[in-house]
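Student: Listed below, chain by chain, are the residues.
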Amino acid sequence: MDCEENRRQIVLMLCGELEDAGRHGLEAHLRECAACAAALEEERRLVRLLEGAPAVEPSVDLLEGCRRDLRAALRTGSAGRRSWPFRGMRLWPAWAFALLAAGFAAGRLVPGAGRPGWGGEAAPEAGGTIANVDFRDSDPRTERIRLTYDTLKRTALEGTAGDPRIRQVLMDTVRQNRNAGLRLEAIEALRRHADDREVRRALLGAVRDDDNPGARLKALEALEGHAADDPEVRGAIVQALLRDSNPGVRVRAIDALKDARGPETLAVLRRLADDDPNDYVRLRSAALVGDMLPQEVR
Amino acid sequence: MRRKLGPAVLVACALTAPLGAQEARYYREGRFLVHEITGVVREPAARVRVETDFGSVSAVAAAAPEVRYRIRVRTRGADDAATRRLLDDMQVSAALSGDQLLFRGRAMAPGAARDLVADFAIELPAAAREIEVATGAGDVSARGLPGRVALATRGGNITVDRVGGPLRAETRGGNIEVGAAGATARLVTAGGSVRLESAGGDIVAQTSGGDVFIGSASGQVRAETGGGNVVVESAGGDVSAQTRGGSIGIGEVRGEVIAVTAGGSIRVASARGGVRCESGAGPIFLKVIDGPIRAVTSAGNIQAEILPAGKALFDSDIQTWHGDVTLTLPEASPAAIRAIVDHSRGRWIKSDFPLRIYREAEDAGRPVEIAEGAIGGGGALIKMRTLDGNIVILKAKKSEP
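Respectively, the protein sequence lines represent chains Z and D. Numbering of the first sequence is given in numbering that gives the first Met the number 0, commencing with residue 0 and proceeding in unit increments. Numbering of the second sequence is given in numbering that gives the first Met the number 0, commencing with residue 0 and proceeding in unit increments.
By construction, these hints were calculated from the structure, which means they are not laboratory data. Note that this is a predicted model, so its numbers are computed, not measured. Careful: at least some of the hints might be erroneous.
[Stated by the list, open to error] The following label-pair restraints were derived from C-beta to C-beta distances:
1. 30(D) - 273(Z): 53 to 63 Å
2. 92(D) - 227(Z): 29 to 39 Å
3. 126(D) - 147(Z): 35 to 45 Å
4. 158(Z) - 271(D): 33 to 43 Å
5. 194(Z) - 120(D): 48 to 58 Å
6. 76(D) - 156(Z): 26 to 36 Å
7. 365(D) - 161(Z): 50 to 60 Å
Cβ atoms here follow ideal geometry from the backbone N, Cα and C, with glycine treated the same way.
In isolation and in its complexed conformation, chain D is listed as follows (with noise of 0.2 Å):
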C-alpha cells in the first residue's frame, strides 16, 4: 500500500522544511486509510502555531526538550484510487521561521472537511512559551502547558487542564472546559457551556447560550450567558454574574457581586464587597454580606442576612414587587431603618429592634405599613420595600465561641 500511494500522497503532505526526524506512512484502520507523519524538531521553537481548515489539534507538555508531532488524516473511499484522491484533499506542512514553528493544515478541495478526519498531536518542551491553534472544525485540547495558550475553533469543542500562562479559549459552537489555569482566562462560545474548576487570575467566561460554572478564581469573574445558569463558587475578586434566563449561584466572593437575571433565583452565599442584584422574576437569598446590598426582584423572596458585627454598615436598598423581605441585622450595629410594604392589609412588619411601626394611607387611598427607627445610635440607611408581602427584621444569632 505504501509504495502504491506514497507518491502522490507525499507530494500533498510534503513537509516545506526539512525540520529533523520525520516519517510517513499509511496504514488501514477498520475501513479508513490513514496517513501519518510522526516528526520531531530539535530546534528551539519557544512559539508554536497550528493553523487548519479543520481537525482536531491536541497540545500536551512533555519532558523531552524538542517538540514530537504526529499528525493523522484518514478518510475512506470506494477504492484505493478513490481513497488517494481523498487524501491529496489535505496538504499539511510545517516551517520554522524564527523562534515560531507552524504548523499548517490546508483543504485543497471544498469538501474535503467533509470527507477527511484529521488529528495534530503536538508534545511541546517545557521551553515552549506559548501555543496559538486555530482550527476551522473539530476539538481542541491543550494539556500541561506552561506559557500562554491561545485556542480556537470555528466548531467544536475546547479542552484545557493544567496550563501556567495566560489562556484564550474561543469557539463558534461548543463546549468549553478547564481544569486548573494559572492565570488569566477567556473563555468565549457562541453556544455551549463553559465550565472551569480554577483559574489564578481574572476570569471572562461568556456563552451565547449554555450553562457557566466557575470553581475558583483568584481574580474577577464577569461570566455571561444568553439563556443557562450561571455558578461561581469562589473569586478573589469582584464577580459579574449575568443571565437572559436562567438562577445564579455565587459562593465566597471577596468583593462585590453583581448579578442579574431575566429570571430566577439568585444566591450569594459570601460577598465582602456588598451585592447589587436584579432577577426578572425569582427569588434572592443573600448570606454573610459586608458592604452595600441593592437587590430587586419582580416576583419572590428577598432573604438577606448582614454580616459581620463591629463594621459600620452601608447604605442598602431591597425591594420586592410580591414576595417577603426577611433581613437579619448584626444586633449592635449602627444603622437607620425604612420598610414599607404597600397596600397593607394587616400587621406585615415584624421587627426584632424596637422600630416605630405605623401606618397611612397613600393618595390612592391605599394602606401602608412603616417600619422605621435608628437602631445602635443610626447610620447607614437601609432601606426595605414590599408592594405584596410581609417584612421580617431579625437580629443575627450570637456566633458560639
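The following block holds chain Z by itself, in its conformation from the complex (with noise of 0.2 Å):
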C-alpha cells in the first residue's frame, strides 16, 4: 500500500472504522513514515477542531440527509453526488440506524412528490402533513409569496416568509422536497430571514447536504452574513470549504471566512494556505492566517 492509500486509511482509523488487519498496517507504517505519521497528526488535530465546534444536534439534519440520499440512491440506482472518503467501508451503527429511520420516513412519504413534516417541526395545520408544495407567484421586490400544498386539502398562503406558516412551509421544502427548483426558489426566500434560529438550521443543511451546487451556494451567501457570531455557521463554512466538490461553492466559502473567522479555523485555514489545489483558495487561507496571526509569529 502506498501513502497516499495510506492517508485514506486514517481517516477510517480515526473514527474507529478500520479492520483489525488494516489498522495493524497502517500502524506499521505510521511508525516508518513520517510523513504519514505528520498526516495523522494533522487530521487528528482537524478531528479534534470539529469536535471542539459547539454540538449539533444530530438527528433532524442527519436523519434529512440519510433520507434524501436514500431517494437519492432509489432514484438513480447510484450511491450519490460526492466521492465521500467512506465509501466502500462498513455500514456503522450511527448509518445502521439513520436508514432504519430513513426507510421508515420513506414509507410514510410515497407517493407524492411533497413530503411530510418530521418530528418535532410543527406543520403549518396541527397534526397535518404537507405535499405538493407549489410558488405560484413570488416578487422579489416585496418579497411578498403565494405559494400553495396539500394537507389534506389544498392550502394557499401569501405574504412574505416573515409569516411563520409560510416559513415553515419554506423550510420543509429546503429541507425535504426532492424538486431542486423549489428548494433553491425556497432558499431564495428565506435568505432574508436566516436571523431566525429554524431558518438558519435550514440553510445549514442545504449548504452541507443539497445536492444541488447551486442551491448549496444560494444558502451559503444567505448564511454567510452569521459567520461572525454563530459558530455553527462558521463550522458549515469550514466544512463546505473542505469537503465541497464545487470550486465556486469553495470560493465563496472563504470569501464568508474573510470577516468571520475563529481561532477554531486557523488549522484549517493553514492546510489550506499549504495545500489546495485552488491558487485563490490557497492565496485567501494563506492571508486570513496572516491576519489571525499575532505579528511575531508570521
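Using the hints, put the two standalone chains together into the complex.
Tutor: As C-alpha cells, then:
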C-alpha cells in the first residue's frame, strides 16, 4: 500500500472504522513513515477542531440527509453525488440507524412529490402533513410569495417569509422537497430571514447536504452574514471549504470567512494555505492566517 | 370488478368527443387498481396538446397514420369503494378541434395528485407537426417526433430524443436530457442538470443550479447555471457560458467564446472567433485561438495559444492577479507585445522573441518588469500582465508536415 492509500486509511482509523488487519498494517507504516505520521497528527488536530465546535443536534439534519440520500439512491440507483471517503466501508451503527429511520420515513412519504414534516417541526396545520408545494408567484421586490400545498385539502398562502406559516412551508421545502427548483426558490425566499434559528438550521442543512450546487451556493450566501457570531455557521462554511466538490462553493466559502474567522478555523486555514489545489483558496487562506497570527509569529 | 366500478369511473373519465375506437378497463396491479383508457384517433390531427394537472406524459412517433393513446390512472385505497372514490378524483378528456387534438387531465380534488398516479402515453404519426405538453407534476418524454416540440412540467424530469423541429423544454425542477434535436433547443430548469447531445440549431440551456453539458450544436450556444459546471464540446456559432460557481470546458467552437465563472477553471480547446473569459478564481487554458483574446482571472495561471500562423493577429489582453502567463505565438505573426510583471523581485519575463526587457519603479516604489517590442514587423497589440508571477512568451512549434 502506498502513502496515498495509507493516508486515506487514516481517516477510517480515526473514526474507528478500520478493521484490525488494516489498522495493524497502517500502524506499522506510521511507525516508519514520518510524512504519514505527520498526516495522522494533522488529521487528529482537525478532528479535535471539529469536535471542539458546539454540538450539533444530530437527529433532524442527519435523518433528513439520510432520507434524501436514500431517495436519491432509489431514484438513480447510484450511491450518491460526492466521492465520500468512507465509501466501501463497513456499515457503522449510526448509518444503520439512520437508514432504518430513513426507510421508515420513506414508507410514510410515497407517493407524492412533497414530503411531510419530520418529528418536532410543526406543520402549518396541526396534525397535517404537507405535500405538493408549489410557488405560484413571488415578487423579489416586496418579498411577497404566493404558494399552495396539499394537506388534507389544497391550501394557499400569501405573504412574506416573515409569516411563520409560510416560513414553515419554506423550511420544509428546503429540507425535504426533492424538486431542486422549489428548494432553490425557497432558499431565495428565506435568505433575509436567516436570523431566525430554525431558518438558519434549514439553510445549514442545505449547505451541507443539498445535492444541487446552486442550492448550496445560495444557502451559503444567505448564511455568510451570520458567520461572525454563529460558530455553527462557521463550521458549515469550513466544511464546505474542505469538502465541497464545486469550486465556486469553495471560493464563496473562503470569502465568507474573511470577516468571520474564529480561532478554531486557524488550523484549517493553514492546511488550505499549504495544500489547496485552487490558487485563490490557497492565497486567501494564507492571507487570513497572516491576519490571525500575532505579528511576531508571522 | 369492472361491473362494480365501471359506471362511476366512466362518468369521471368520460371522453368528451367520439374519437374513434376507445376502450376503458380496470385491472389490478399488485395492490393498486388501474383504470386504463386506450383509443385511436383516425381523424387528421396535425397538432396535439396534452394539458394535465399532474401525471407523466410520453409522446413517441409511430409508423401508423393515426394517433394512439393510452391513459392510465392508478391508485390504492383502503377498500374498493375508497379506491373508486379516489379514481373519481381524476377526470380525463380528449377533444378534437380543427386540426388540434387536446388531451386534458383534471384533478377534481385537492389531494388527487398525492393519491393518484397518472400517465399519458401517446403515439403520433409522422404527419403531426407539433406537440405541446404541460403537466403540473410529472416526468415528460418525447421521442422520434418530426415537428415542433414544447414540453413543460412544474416538477419532473424531461427526456427527449430524435426530435426534428424546434424544441422547448422547461421544468420548474428536474433534469433535462436531450439526445438528438434537429433544430433549435431551449432548455430551462429551475433546478437540475441540463444535458444535450446534439442539436441542429441554436441552443439555450439554463438552470438555477446544476451542471450543463452540450455535446454539439450547429449554431450558437448560451449555457448558464446558478452553480455547477458547464461543458460545451462543439458549436458552429458563438458560445456564451456562465456559472456562478464551477468550471467551464469548451471544445471546438467556430465563433466567439464568452466564458465567465465566479470560481473555477476555464478551458477552451479551439475558438475561431476569439475568446472573452473571466474567472473569479481559477486557471484559464486557451488553445488554438483565432481572434482577439481577453482573459482575466483574479488567481490562477493563464495559458494561451494563438494559432494558426499566417493570419493577422488581433488586439488581446491577458491578465492575472496572481499566477503565471504563458503565451504561445506563431513565429512570423506580426504583433506588438507588451508584458508587465508588477511587484517583480527577480527576472520574471522570458521570451523566445527578441523583446526589450527592462525594469522601472512604480510611484509607490515597487519594481515593475516590462517586456515590449514588435515581432514580424509589428501589428496587433498583445498585452499581458500579472501582479505576482512569471510571463513566458513562446514560439509555436512548427507543425509536422
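Student: Which earlier hints can't be squared with this structure?
Tutor: 2, 4
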